[in-house]
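Peer 1: Kindly produce the complete structure, drawing on both the sequences and the hints.
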Amino acid sequence: MHADPRTVLTGTHFINGDAACCEGALAAGARYAAGYPITPSTEIVERFAARAPEVGGLFIQMEDEIASSIAIQGMVWGGQKAFTVTSGPGFSLMMEHIGLAAMTETPVVFVDVQRGGPSTGLPTLPSQSDMMQARFGSHGDYAVIALSPNSPQECFDLAIQAFNLAEEFRVPVMFMMDECVGHMTEKVVIPPADQIEIYPRRHTQKPPGEFRLYEPGPDLVPEMAHAGEGYKVYVTGLTHDRRGYPSLNPATQKELVTRLFEKIRRAADRLVMVESDQLEGADVVVVSYGITSRVAQRAVHAARAKGIKVGTLRLICVWPFPEKLIRELASKVKALVMPELNMGQVVIELERCAAGQCQVISVPHAGGTVHDPAEILQAIERGAQ
Amino acid sequence: MSTTDLHVHNPVEELLRQDRIPTIWCPGCGIGTSVNSFAHALLKQNIDLDKTAIVSGIGCSGRVSGYMNLDSFHTTHGRAIPFATGLKLARPELNVIVYSGDGDLASIGGNHLIHAARRNMDILVVCINNMIYAMTGGQAAATTPGSSLSTTTPYGAFEPELNLVQLVDAAGACFVARWTAYHVVQLERTLEKALRKKGFRFIEVLSPCPTYFQRKNNMGDALQAMLDYKKRSKIQHGCPTWETALTPSGPIIVGEFVDREREDYLTRMRKQLGPHYSEFPAQQEEHVSEGCSREC
Ligand SMILES: Cc1ncc(C[n+]2csc(CCOP(=O)(O)OP(=O)(O)O)c2C)c(N)n1
Ligand code: SF4
Ligand SMILES: [Mg+2]
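As you go down the protein sequences, you meet chains A and B in turn.
Under the numbering used here, the first residue of the first sequence carries the number 1, and numbering increases by one thereafter.
Under the numbering used here, the first residue of the second sequence carries the number 1001, and numbering increases by one thereafter.
It is worth saying that the hints were derived from the structure and are not from the lab.
All residues carry an ideal CB built from backbone N, CA and C; glycine is no exception.
One should not assume that every hint holds.
Sample of chain A residues lacking proximity to chain B, with all beta carbon distances greater than 12 Å (derived) [unchecked claim]: (1) T12; (2) E63; (3) P118; (4) L125; (5) T204; (6) P216; (7) H240; (8) R243; (9) R298; (10) I308; (11) V370; (12) P373.
One-sided and incomplete, this derived list gives chain A residues near chain B with beta-carbon spacing under 7 Å [unchecked claim]: (13) P53; (14) I72; (15) G74; (16) G78; (17) Y142; (18) G230; (19) V235; (20) T239; (21) L248; (22) L271.
Peer 2: What follows is the structure, given as structure tokens:
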């Protein structure tokens, strides 16, 4: 299915990442949002509040992020596509409802425009320190998908992907922007609606009597029905059986939680979303994501000028982590270098997958600004030795 | 056939998920009693059950949504109201009912209660007030009256209780009432009235918890609780809500306290948006041709 032309602002724009993310959500068919103001994410919902009514949607400013993160799930079960937008402190408040969305398989998107933390931290300055929280922040075991854009154009393109993946896998998708990408203004090309692929809601074709709300499909993802359609859905955050009824025993728990992981794991190859350059014959590969990938470019050019064989690998989809790809890469190179705007989060996963086959060099940064490319260059040089 | 069918048809049966009975509730608990009144009210008002959703938080009272044969949402502790808010906004034609406990709606979820009333969100909230966190084993709630005993207030509570009807009245609810599990007929009538009304409606139902609250405070069994409700209750419709505070042994003021007209959120939103609001009919399904579209 294609995007609805009435929601797509086709044309060439000069806008920031926050605005582009808002347009991406609208193009993806999300006409409903709930949120609570927080820098540096607020511009997304400010724009959405103005745009949504024109397309029959709405933005509601809730009393806090806890409310926002569950109001969007009410919107989804009411038949809409919906999302919420926040930053660090608000993201922390949303954690319980990321788990609820994972457990009830509610397709929603959480946008986190990352800023420096912990706590109130650096409200207006960048960081990438919510990456592990995006993956593991809610209690219990579950799997999510997390995307990391590195430009306003990608804030638009990947926002659409985020909604599509949420619908396809019926998982909460974390859209992990950062202050730099959110506030950076660049050219954003919005294509005509008929060039934008939309993954529609996996609504069941079965009549109410024959439909079971959590009957897994062939790809382990169940079909959906909304409130008000006669299905009498029963949606609970308790461990539930295929009817959706609470069933509090280890067997149901095993079946359910295993499936929540498996539906993502089975599609792992398809979910490898990376951008790479000169991996062939590289001695060192700089692995990065988001804004840091752009900063790393400078260091990579400098290293190449010095004759070092450096490749780059940019993670566009960070979770699930491209395990196989990293394992293979690690067997061919001397070192993997990972700069990130945190004290070393995704590098833990990188190290695990490299499994000692090569050196893994972390280039941590406490946040507040981007890396000095010289730090990354030093790490590359160390790796090349 | 010689065997007698002992099953007496209960008119509310069709409103319950039969395959979920028996409930988890203890004998003498007031939650089921309130559900009976609620189910009768739905039937009497001829509410379209396919267009009625029930949302609960977590707790003994929070289990109500899962026993009703409606679209049922059992959400997180304290957050039934914001879920219901999203649901109502996305599908305005739904009757959205929140059914949950005092701890859920007024303690952890207190902020949402205030703001939904302020917005005049078009939802009906039924709050089972058993004055305790029952599901977790009888700890003090924001509604535990006076210096009552609970498992976390073994020396009696040190903090005063919250008067829920006064709170939601002050926040702007357009319909506010209180009954007890003893007043089943009155509760049913009030629920009927509330179901007909638009805007934020709040009904508090005082409900015995013989397992925790009554037992901890030596208040006897469920029957004793009924006698107590009967003896202490004073029906005062229209009573100013600041005069309705609940104390451990004082009078229980019950009745319909507030019934005011106020534009609900969506009505006001649409009016204010005027020409900026588009009804936006659903996108036409694209015609998907069967098989390969290329000429191969
Ligand atoms: C975030 C969170 N905190 C605590 C709990 C534990 N918990 C479950 S039910 C409950 C209290 C419910 O009290 P109330 O709403 O009055 O319902 P009742 O059981 O009395 O009907 C608590 C504290 C929880 N489920 N989630
Ligand atoms: S513990 Fe109390 S509130 Fe819970 S079911 Fe038993 S009597 Fe009812
Ligand atoms: Mg209670």
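Peer 1: Are all beta-carbon distances from I308 (chain A) to chain B longer than 12 Å?
Peer 2: The claim stands: I308 (chain A) keeps its Cβ more than 12 Å from every Cβ of chain B (closest is about 48 Å).
Peer 1: Just double-check V370 (chain A) for me: nearest Cβ-Cβ distance to chain B has to come out over 12 Å.
Peer 2: Consistent with the label, V370 (chain A) stays out of reach of chain B, its closest Cβ about 36 Å off (over 12 Å).
Peer 1: Non-interface claim for R243 (chain A): all C-beta distances to chain B beyond 12 Å?
Peer 2: Answer for R243 (chain A): violated, closest chain B Cβ roughly 8 Å.
Peer 1: When the nearest CB of chain B is found for G230 (chain A), is that gap smaller than 7 Å?
Peer 2: holds (4 Å)
Peer 1: Could you check that no beta carbon of chain B comes within 12 Å of the beta carbon of T12 (chain A)?
Peer 2: Label holds. Min Cβ-Cβ 25 Å, cutoff 12 Å.
Peer 1: Can you verify the interface hint for P53 (chain A): is its Cβ closer than 7 Å to any Cβ in chain B?
Peer 2: Given a least distance of 5 Å, the restraint on P53 (chain A) holds.
Peer 1: Hey, is E63 (chain A) genuinely clear of chain B, shortest beta carbon separation above 12 Å?
Peer 2: Given a closest Cβ separation of 4 Å, the condition is violated.
Peer 1: With d taken as the least Cβ-Cβ distance between P373 (chain A) and chain B, does d exceed 12 Å?
Peer 2: Answer for P373 (chain A): holds, closest chain B Cβ roughly 44 Å.
Peer 1: Answer holds if the nearest beta-carbon of chain B is closer than 7 Å to that of I72 (chain A); otherwise answer violated.
Peer 2: holds (6 Å)
Peer 1: Beyond 12 Å from every chain B Cβ: check whether that's true for P118 (chain A).
Peer 2: Check passes; 24 Å lies beyond 12 Å.
Peer 1: Let me know if the C-beta of G74 (chain A) comes in closer than 7 Å to any C-beta of chain B, holds or violated.
Peer 2: Hint on G74 (chain A): holds, closest Cβ of chain B at ~3 Å, below 7 Å.
Peer 1: Is the hint on G78 (chain A) kept, meaning its closest Cβ partner in chain B is under 7 Å away?
Peer 2: Hint holds; G78 (chain A) Cβ to chain B Cβ min 3 Å, cut 7 Å.
When the structure is compared with the earlier hints, violations turn up for hints 2, 7, 8, 17, 20, 21, 22 and for no others.
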